Amino acid sequence: MSTPLPTDAHALRERIRNFCIIAHIDHGKSTLADRLLELTGTLTTLEAQGQVLDSMDLEQERGITIKAHAIRMEWRGADGVPFVLNLIDTPGHVDFSYEVSRSLAACEGAILVVDASQGIEAQTLSNFYLALEHDLAIVAVVNKIDLPSARVADVRHEAAHLTGCEEDEVPLVSAKTGQGVRDLIETMIARIPPPSGDSDAPLRALIFDSKFDQFRGVMTYVRLMEGSVRAGDRIMLYSTGKSFEVTEVGIFRLKPIPREVLHAGEVGYILAGMREVNDAKMGDTVTLAERPCAEPLPGYREAKPMVFSGVYPADTADYDVLRDALGKLRLNDAALAYEPETSSALGFGFRCGFLGLLHMEIVQERLEREYNLNLIMTVPSVIYRIRPTAGEMFEVSNPTKFPPAGDIESVAEPFVKAQLILPAEFIGNVMKICQERRGVHIGMHYIDQNRVNIGYYLPLGEIVLDFYDKLKSVSKGYASFDYELADYRESDLVRLDLVLNGDRVDPLSVIVHADKAYDWGRELAKKLKTLIPKQMYAVAIQAAIGSKVIARETISAMRKDVTAKCYGGDITRKRKLLEKQKEGKRRMKQVGTVEIPQEAFLAVLRIDSGGS
Amino acid sequence: MGADLARATLAGATDRGRGADVRGLYVHIPFCARRCNFCDFVTGPERPGRTEAYLDALLAEARAERGAFPDAPPLETLFLGGGTPSLVAPTLLARFLRELREIFPLAPGAEASLEANPEDLDDEHLAAYAAAGINRLSIGIQSFDADSLAALNRGHTPDQGIAAIGRSSAAGFQNVSVDLLLGVPGEREERFLAGLDRVLAEGIAHLSVYALTIEEKSVYGRLARAGRFAESSDARFERLYYATLDRAEGAGFEPYEISNFAREGRRARHNLLYWRRASVLALGVGAVGTAGGVRWRNASSIERYVRRPGSPDRERDDRGPDALATEALFLGLRLREGIDPAALAAEFGREILAAIAAPIERVRARGLVEEARGRIRLTRAGLLLSDAVFRELTLLPGDLARHAAPIEPVRALA
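One line per chain: the protein sequences are S and F, in this order. With my numbering applied, the first sequence covers 980 to 1591. With my numbering applied, the second sequence covers 1280 to 1693.
In case anyone wonders, no lab produced these hints; they're calculated from the structure. There may be inaccurate statements among the hints.
Simulated restraints, written as ranges between beta carbons of each label pair [said to hold, decoys possible]:
1) Leu1524(F) with Tyr1350(S): 47 to 53 Å
2) Glu1640(F) with Thr1219(S): 54 to 60 Å
3) Ala1683(F) with Tyr1298(S): 37 to 43 Å
4) Asp1592(F) with Gln1560(S): 25 to 31 Å
5) Tyr1350(S) with Ala1522(F): 21 to 27 Å
6) Glu1640(F) with Pro1319(S): 28 to 34 Å
7) Arg1329(F) with Arg1566(S): 45 to 51 Å
8) Gly1506(F) with Gly1456(S): 30 to 36 Å
9) Arg1314(F) with Asn1351(S): 44 to 50 Å
10) Glu1616(F) with Gln1569(S): 29 to 35 Å
11) Glu1616(F) with Gln1560(S): 24 to 30 Å
12) Thr1572(S) with Leu1524(F): 50 to 56 Å
Predicted model only: the values in this text are computed from it and were never measured. Glycine included, C-beta positions come from ideal geometry on N, C-alpha and C.
Work out the full structure: start from the sequences and follow the hints.
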């Protein structure tokens, strides 16, 4: 016997559960989400075979979700009493922690998924702590119990220990087969509280996501904490004071479904004629223009980029295409910051700010794939704080704007607090690479018999290049790590320049620690020697700090570039070779008298900053 | 090229035409007694029966091509290349040539060339060739240094090389060309120059000097990839090349193409057809022909060629206007006479001049090309860096169109 959902706002609210699923990457978050959708009848089995929530190709390839999604499911237990389960999907990567935290703020509970074969890993912990900070009711669940390598009892024990509950209170599931998922839903309903709030109070809604739709404008995803909203209302955004008229409100199942009204406790969307996602900032508070709430919701902050890179079109004719592409990407990515920039070597381009390396890679791939652009990216850099000998402290993220050494009193660089989780056998390797990157050891403790959690303060500049890959490679893939911004510390940093035949190649300039400058300079010069083809003239490669040359290599001039025979059978082949070479030349960049292939710029990224 | 043909070519000709423009014929004989270390051609050993079958297949293809090109006039040139055409038994070759000439007659005064290895040129061979109408020999001497010949895996000695030239002359061949290799690893400079002087003194008509190139698929190529091959230095190559140029000129040879030197009236007419982009038919495995603006290449398998006489597998190189223009540029510049901007404009439209203006200026500024009597040609320095010049001038699809003059606006009718 099934009863319908109550229509009274207060009664309905008692039946709502707002929750998210958090986990370390690949522990099965998305599969579990799909299974929930399937079991609640939100998705047919067929649709559930794809992972519905990951809508971009890139996301599917990397197995991560970038944009938060919200889906409303309905569930009737054995007794037929209906509940509304609002699943708010969250990005899993450290680069997007602000987005994660806003999604958590929209929930009352979290399902913490732990892979039975992997156990607790770095992001299991960091997400858990984040959920704790938001006072969420946490239901730990052990997933992938179907795997032959599952260590169910051990991991259940770990999970119970972490979340402070009894072992038999940790559900065991296989999101893949569906085993245990029904029970999980019942457990969740029992342990996660319904939302509070008064739908007659002034509107106070949290924006936890926004999405630009080319036909409808910006769709703002909201969780109403207080009050209610309907079409025709005039809303105001707290951070900017701007107001908009609501044209439609609704909820999401897989698609948006318009509703007459949204009440406190509900999760849904608002359409109000906004033109870019910057109008609907993540974490901002939505209220009514005529009857605003007294205080905005806490925790709002502007997304701050941490990693910067110069982005240039390989073909200068593509500048306009790049500019338009960035504009379009920005419509749906409020965290992407960019401004025009010029380089003597690369011409006109942009300095882009990203939340982190992953964000940067995603943006680069999207630009290349969706807009067919061939890009040159400069070495990623962070924001340095420079105290000059004369004048106020200022921030610099572009190495070419680093002032000459004589004008600098001190330089401070951002440090992060990182936690690394790895099997004990790799402690030595991992500590070594952290030390090589000027890490400061914080502490170490065992999280179980075999694994340790090591804390390090590390300069952000030392990890933006390839720390993650290096970490994986010295730990046979077992180590994981997570970090948060800690503070700024003074360091002995210098700018290392690359000079070709007397012309500085500014996209190759990097900020490095003085102790590493010689090694870097030598490696860079040697690497470039192999990447730059012979030219008509000899090429002198120099690595320099200021005017001091610290490494040099020479590429001798080309003297023989001739084809001996060119008869009937040779002509087509020769022509095709010339065409291929000409195409390659088109992708080169001219710096002074020297032609540099695109690969040379990227090759800088692959220099081992550990110096080995 | 005639204007009609040019238009047909630029329009992306798919039909090879009726052959009115055909001027020469190339025949490929792929058999070799051994594989030289620098060679990457498709060759195979000569065996009784196999050669005859192959020659029969050549004639079958000849008949088929004759049918395809009813308007082909008597040939100005015929070239038997290989492989080693001189490996074929003289009587067989003579019979083949007789039958071939019935299908494709030679014009009076035509040049009929045959490639030969010195060790094959005994009196019997020479007499047979002369009787069959061959009037030009291209002898693959490569080097006069015994050590070098061994290193290259050639089948003759230095003396045999010289003797072959003498015998050819004695047999009445006045148009003899010799191939020499430059940059044989380990060959000492003095030895190369001594050999060069020797051959220049022998009264030959034509000399081809080739830089040894490491082809990927040759024995040298394999050694190089395994790191077991030391190439001759660029500096030495430069010295020897220019020394060759100077000595050849001094001995009365004109360096009319990057690798080719000829006494007066003795340029290789068949090869000139390629460099001047004329239509030349081709028979045999791997042979490349051009007619009516279409170029094709026969497949390389000897077995398949023999199994399907008269209808070899062919692959086409469909060239758009930019590709055709690129060929006109680099082939033209390989010749000392260089290219004529006015003629290029007549053939491709003025846009070709706009398209190459900046690159020409760049290479001119580097001293690699010069203008002389209204033509543009490689300088002495440009010869050795000619590929760099060609690369600058290479046009990619769309380049000509981009440089085409804008269409005149239509005037409003009063």
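* Asked: Honestly, which of those hints from before does the structure not fit?
  -> 3, 5, 12
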